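Asks: For the protein sequence lines, the chains are D and Y, in the order given.
Residues 1 to 273 (UniProt numbering) make up the first sequence, in order.
Residues 1 to 245 (UniProt numbering) make up the second sequence, in order.
Hints in this document: simulated from the structure, not taken from any laboratory.
All values derive from a computational prediction rather than experimental measurement.
Possibly wrong hints are sitting among the right ones.
Using 27 angstroms as the maximum straight-line C-alpha spacing, the simulated DSS-like pairs for lysine-lysine come out as follows [said to hold, decoys possible]:
1) D:K41 / Y:K59
2) Y:K226 / Y:K191
3) D:K30 / D:K115
4) Y:K226 / Y:K69
5) D:K189 / D:K51
6) D:K125 / D:K30
7) Y:K69 / Y:K124
8) D:K41 / Y:K108
9) D:K205 / D:K30
10) Y:K138 / D:K41
11) Y:K108 / Y:K59
12) D:K65 / Y:K226
13) Y:K65 / Y:K142
14) Y:K138 / Y:K39
15) Y:K142 / D:K41
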Amino acid sequence: MFRNQYDTDVTTWSPAGRLFQVEYAMEAVKQGSATIGLRSKTHVVLGCVNKANSELSSHQKKIFKVDDHIGVAIAGLTADGRVLSRYMRNECINYNFTYESPLPVGRLVVQLADKAQVCTQRSWKRPYGVGLLVAGLDESGAHLYYNCPSGNYFEYQAFAIGSRSQAAKTYLERRFENFADSSRDDLVKDALMAIRETLQGETLKSSICTVAVVGVGEPFHILDQETVQQMINAFEIVGEQEGPAAEPDAAAGQEAAAEQGGSTDEGVAPMDI
Amino acid sequence: MNFMASKQPENSLLGPESDSQRTLYPYVTGTSVVALKYKDGILMAADMGGSYGSTLRYKSVERMKPIGKHSLLGASGEISDFQEILRYLDELILYDNMWDDGNSLGPKEVHNYLTRVMYNRRNKFNPLWNSLVLGGVKNGQKYLGTVSMIGVNFEDNHVATGFGNHLARPILRQEWHENLSFEDGVRLLEKCMRVLLYRDRSAVNKLQIAKITEDGVTISQPYSLKTYWEFSAFENPAQGAIGSW
């Protein structure tokens, strides 16, 4: 491209007023595997696609618990993400020790953004190559934020980052107005549907995705594979069509069958509709 | 005193060379603070005396101050250390307000912050010579706690410092109950303060009662309690006394 002249270090402006190193760092986020987040008034759900390099290896951890009331999902250089998660955990613990109260997620996000900004203004540093979707609670309810390598942060009702995230964003854009009053389970279902959008036809299985929830009265935790698979089965049975009218009926019928099946068989619920 | 040239800088906190920088004993002190939870929030009472040893030197010392939107702090002990604590809290609340984000430090957070400060100072053998009472209401939740100069902290429905622990708490244990009305709370506090006035030599008869509710803090104008000194036991206190004093 034509911009190679001013991109050697982060402290050089281009004549057009851009910092190319920061923009390249944002490209790194787009290369990471898809991560999505959505929130209602009381809950926030994070989900990501977790593909292992080979059948022999385990997959990358992309969702981190930061505190009982805050969790983060990352896309991009996962090593940078791990380091930032450690910083966030440290800040939460220190605040809790001094004030015996949870650190409001809005303040943590600002601290994180300021930390990222420093790396855009020191010639001996490089920007963090990771985008973070921060889910958390504070006095005013549930929040979802996106932290950029540029040091900017934004609050979202729903968002997706990483490769093929546009497909998920389109799905979320169609439905986000209903999220505020969604139940927790509907929110998780929407998250799984959004993840499926990024898979471009590949089957959605709990072995290739991770889902985490935080909400009022529900500490941040990652859902285990079986629960996720059950939820996937609950709406997959409807087939590829996503008509909102068809879903509630199928879901209601499936839940009844799932309950009976759950007691006898720990794994997948029997699908006999 | 040490007349030899000292190798350590004056502001070093290491060792006995720097005794002049550590609190060894209090100079101007306030006596008891008493506080209780009532229906709408917290009621707190403290007199306005600042004693200089056995002299009742200062008689208009305000020993209770509002902190932020949700808390009220009362202190006994060294008055200058109380003023230092108010400066720390002022800075804390300032930074809290600068976030400008709808979150604010409530009484529980302020209480724990003070506990950390007091305990850390105690660990450095340089205590803030105070017993603090921190009360407040936030989002309908009432909070009342206390911290001492050695960092002992706890919450309760009614607390007191100094002599208040010995003279006021027993009265409160008998007569306090949930959902006291404002008038009953004040009456109960006045009963405690009157006993303290009779029996604590560093008490002065000029007190304030402060109230904190969801709506904010009100500190009353100073006033005095009516006292009765014609009890026959006061007339001849030594009558029937056994012992050498």
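Asks: All the hints need checking, so say for each whether the structure fits it.
Replies: Evaluation of the provided hints:
With a CA separation close to 53 angstroms, the supplied pair K41 (chain D) and K59 (chain Y) exceeds the 27 angstroms bound. Under the criterion of a C-alpha separation no larger than 27 angstroms, the hint pairing K226 (chain Y) with K191 (chain Y) is consistent with the structure, at around 11 angstroms. With a C-alpha separation of about 21 angstroms, the suggested pair K30 (chain D) and K115 (chain D) falls inside the 27 angstroms cut-off, and the hint holds. Restraint check: the Cα-Cα separation between K226 (chain Y) and K69 (chain Y) comes to about 33 angstroms, which exceeds 27 angstroms; the hinted pair is violated.
A hinted pair counts as satisfied when its Cα atoms are at most 27 angstroms apart, and K189 (chain D) with K51 (chain D) qualifies at roughly 20 angstroms. Under the criterion of a C-alpha separation no larger than 27 angstroms, the hint pairing K125 (chain D) with K30 (chain D) is consistent with the structure, at around 21 angstroms. In summary, the hint linking K69 (chain Y) to K124 (chain Y) is not supported, as the alpha carbons are separated by about 32 angstroms, beyond the 27 angstroms threshold. As the CA atoms of K41 (chain D) and K108 (chain Y) are separated by approximately 25 angstroms, the hinted pair is consistent with the 27 angstroms bound.
A hinted pair counts as satisfied when its Cα atoms are at most 27 angstroms apart, and K205 (chain D) with K30 (chain D) qualifies at roughly 23 angstroms. Proximity of K138 (chain Y) to K41 (chain D) is assessed by CA-CA distance (about 21 angstroms); at most 27 angstroms being required, the pair is judged to hold. For the proposed pair K108 (chain Y) and K59 (chain Y), the alpha carbon gap of about 31 angstroms is over 27 angstroms, so the pair is violated. For the hint pairing K65 (chain D) with K226 (chain Y), the CA-to-CA distance comes to about 60 angstroms; that exceeds 27 angstroms, so the pair is violated.
Distance check on the hinted pair: K65 (chain Y) and K142 (chain Y) sit about 17 angstroms apart at the alpha-carbon level, within 27 angstroms; holds. Proposed proximity of K138 (chain Y) and K39 (chain Y) is supported: the alpha carbons are some 14 angstroms apart, at most 27 angstroms. Taking the CA atoms of K142 (chain Y) and K41 (chain D), the gap is about 26 angstroms. The hint holds against a cut of 27 angstroms.
Consistency note: the structure conflicts with the earlier hints numbered 1, 4, 7, 11, 12.
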